[in-house]
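Student: Place chain W on chain A using the hints.
Okay, here's what each chain looks like letter by letter:
Protein chains: 2
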Amino acid sequence: MTSLAMIEAAAARLQGRARLTPLLNAPLLDRIAGRRIFVKAECLQWTGSFKFRGGWSAVSALPEAARARGVLAFSSGNHAQGVALAAARHRAPAVIVMPSDAPAVKIGNTRAYGAEVVLYDRATEDREAIGAELAEGRGLTLIRPYDEPQVIAGQGTVGLEIAAQAAEAGISGADVITCCGGGGLTAGIALALEARAPALRVRPAEPEGFDDTARSLAAGTRVRNAAAAGSVCDAIVTPMPGEITFPILQRLCGPGLAVSDEQALHAVALAFTHLRIVVEPGGAVALAAALFAEGLPDTVICTASGGNVDPAVFAGALARFG
Amino acid sequence: MTSLAMIEAAAARLQGRARLTPLLNAPLLDRIAGRRIFVKAECLQWTGSFKFRGGWSAVSALPEAARARGVLAFSSGNHAQGVALAAARHRAPAVIVMPSDAPAVKIGNTRAYGAEVVLYDRATEDREAIGAELAEGRGLTLIRPYDEPQVIAGQGTVGLEIAAQAAEAGISGADVITCCGGGGLTAGIALALEARAPALRVRPAEPEGFDDTARSLAAGTRVRNAAAAGSVCDAIVTPMPGEITFPILQRLCGPGLAVSDEQALHAVALAFTHLRIVVEPGGAVALAAALFAEGLPDTVICTASGGNVDPAVFAGALARFG
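Those protein sequence lines, which keep their order, are chains A and W. Going from the first sequence to my numbering is simple: count from 1 and add 153. Going from the second sequence to my numbering is simple: count from 1 and add 153.
What the hints contain is simulated information worked out from the structure, not anything from laboratory work. Just to be clear, a hint being listed does not mean it is correct.
[As the list claims (entries may be wrong)] Derived coverage of chain A by chain W (criterion: at least 3 residues anywhere in the stretch with Cβ under 8 Å from a Cβ of chain W; other residues may be distant):
#1 260-274
#2 423-432
[What the hints assert, rightly or not] Ranges of calculated distance between the beta carbons of each label pair, as one might list FRET restraints:
#3 Glu286/W with Gly261/A: 55 to 63 Å
#4 Val466/W with Asp274/A: 35 to 43 Å
#5 Ala218/W with Ala158/A: 53 to 61 Å
#6 Ser325/W with Thr277/A: 52 to 60 Å
#7 Glu321/W with Ala285/A: 38 to 46 Å
#8 Gln168/W with Gly448/A: 31 to 39 Å
#9 Arg184/A with Gly290/W: 25 to 33 Å
#10 Glu321/W with Ala465/A: 36 to 44 Å
#11 Glu286/W with Gly448/A: 48 to 56 Å
#12 Ala379/A with Ser253/W: 50 to 58 Å
From the three backbone atoms N, C-alpha and C, an ideal C-beta is built for every residue, glycine too.
Isolated chain A, as found in the complex (with noise of 0.2 Å):
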């Protein structure tokens, strides 16, 4: 179970390690959204998303001989850089597991970082399968994406620094808006702020149609999305909330937020045009919401949690909304 030391103890390995991201702001931007509205930009994290923290701090938390070894994930994106990155630099063995319909850019970064990639094809083959046995037969130790205490403790040093960034721009109170797939990233923020400024309340934004999080949290109990794919939030399409995760957010957690696939690529455009981040459109649902909710604070904190983003996604979303 994640506590507020294991985050602590995941800052100090992170120190100098990953990117202290700055939290954004612009005039323009607010007056769009008529609230004053802060970005802490995770998409200039190493790697493009704050999935290198998990990364780093699950790596970094292993025994020395465990990561000699070397470690395995599944993903199709950004967790899938994210330990590739943070094992090449502490020079253990990553083998990452990936579809072989992932896009080309995110396989040969993953590649350029230093991992083993292991295409499977998602028609006919058991990514779990393929993972136990490279497991079994090299003593790999398997990084999950959130369900892992110490991938959240990692994450949730986002939380640490939106806790001092706030106090710094004189922030009291906001609500904390984060992009939320499997719960990690929401989780590691909400321990975060609990301890450390407990008048930010953390709200997670989902696609609509893949609001399992909001509905759990409505319902009190996990409940599953009914489509496994089909927005262009790609990276926090998850089937349902995490085990792990779930109860921190079910403790800690306002209601979630859903927003279109539309206002997440206007969401992207803004970004561009206000702030000269490059979002992703599933790095940008915090923003959307931020933007275009309803019944928000007069301020809002929220993550851009990432950028790794095909360029005529992009350029789409710029012709649409730019």
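Tutor: Relative to the frame of chain A, chain W by itself:
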């Protein structure tokens, strides 16, 4: 004449008012370049460029009575927005004289920051005459974009930050490549580094065909560009080096570098992919030089000096090089 003391005083006035922008890098970008590249991301500055620093420095240095009467600037772009927001935050009136064919978004933003925009026809009207009449009639103080000691001092705060961030990153020696128009940023950084990090040598970068600074440095005297316009790097196309800035550059800078429009657009796309920042072509010439120039050292720091770019130009860069 701008001194280190003036730069330090500007830094004190800018404390908490300008953003301390991050020094970004990315392993995959280094691999492409074959050297370590660090990018000072001034596109993340308020108003999207370093110009806000010089604007704030100049406005805040005015005697109170002069500030209350207001300030005047000529600019079609980043200086306009920087001065407009700096004046608004001081509750000082600002009049910005802009060509009527300036991009609508830049005129709109300058107005949105609270400035009064006076449009003139480039072909038939004399902006100096318009400005002189306004200044005379309303007692406005003209803030020049680079030949103004307090503006140079403001831009020099970028150099103070680079010195501190380079030390933190363990960089002991490097070339510091700047995007150079009239030379305000370059002169300010050079003065700051002379005092704080003498092992970092400044080299100005410009678009091919508009490399007046490089040719002036080589000739030992200020020379003029043949053309007045015609580069995609519009933000840094100036007729010749400044009267005040050039002697500083002559004393402190290494040889200038010139890049093609192609290379600048390629750098825009690589900054998108690997750094997840939005850089305008004129703000990417230093990164282009860092990536593509011959004979550079193993470690290069460059400015990404602005990010106010037309969405179609940006999408075009991604389509070609993304």
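Student: Each hint: holds or not?
Tutor: Hints and how they fare:
| no. | hint | verdict |
| --- | --- | --- |
| 1 | 260-274 | holds (count 3) |
| 2 | 423-432 | holds (count 7) |
| 3 | Glu286/W with Gly261/A: 55 to 63 Å | holds, 59 Å |
| 4 | Val466/W with Asp274/A: 35 to 43 Å | holds, 40 Å |
| 5 | Ala218/W with Ala158/A: 53 to 61 Å | holds, 57 Å |
| 6 | Ser325/W with Thr277/A: 52 to 60 Å | holds, 54 Å |
| 7 | Glu321/W with Ala285/A: 38 to 46 Å | holds, 43 Å |
| 8 | Gln168/W with Gly448/A: 31 to 39 Å | holds, 36 Å |
| 9 | Arg184/A with Gly290/W: 25 to 33 Å | holds, 31 Å |
| 10 | Glu321/W with Ala465/A: 36 to 44 Å | holds, 37 Å |
| 11 | Glu286/W with Gly448/A: 48 to 56 Å | holds, 51 Å |
| 12 | Ala379/A with Ser253/W: 50 to 58 Å | holds, 54 Å |
Against the hints set out earlier in the document, no violation occurs for any number.
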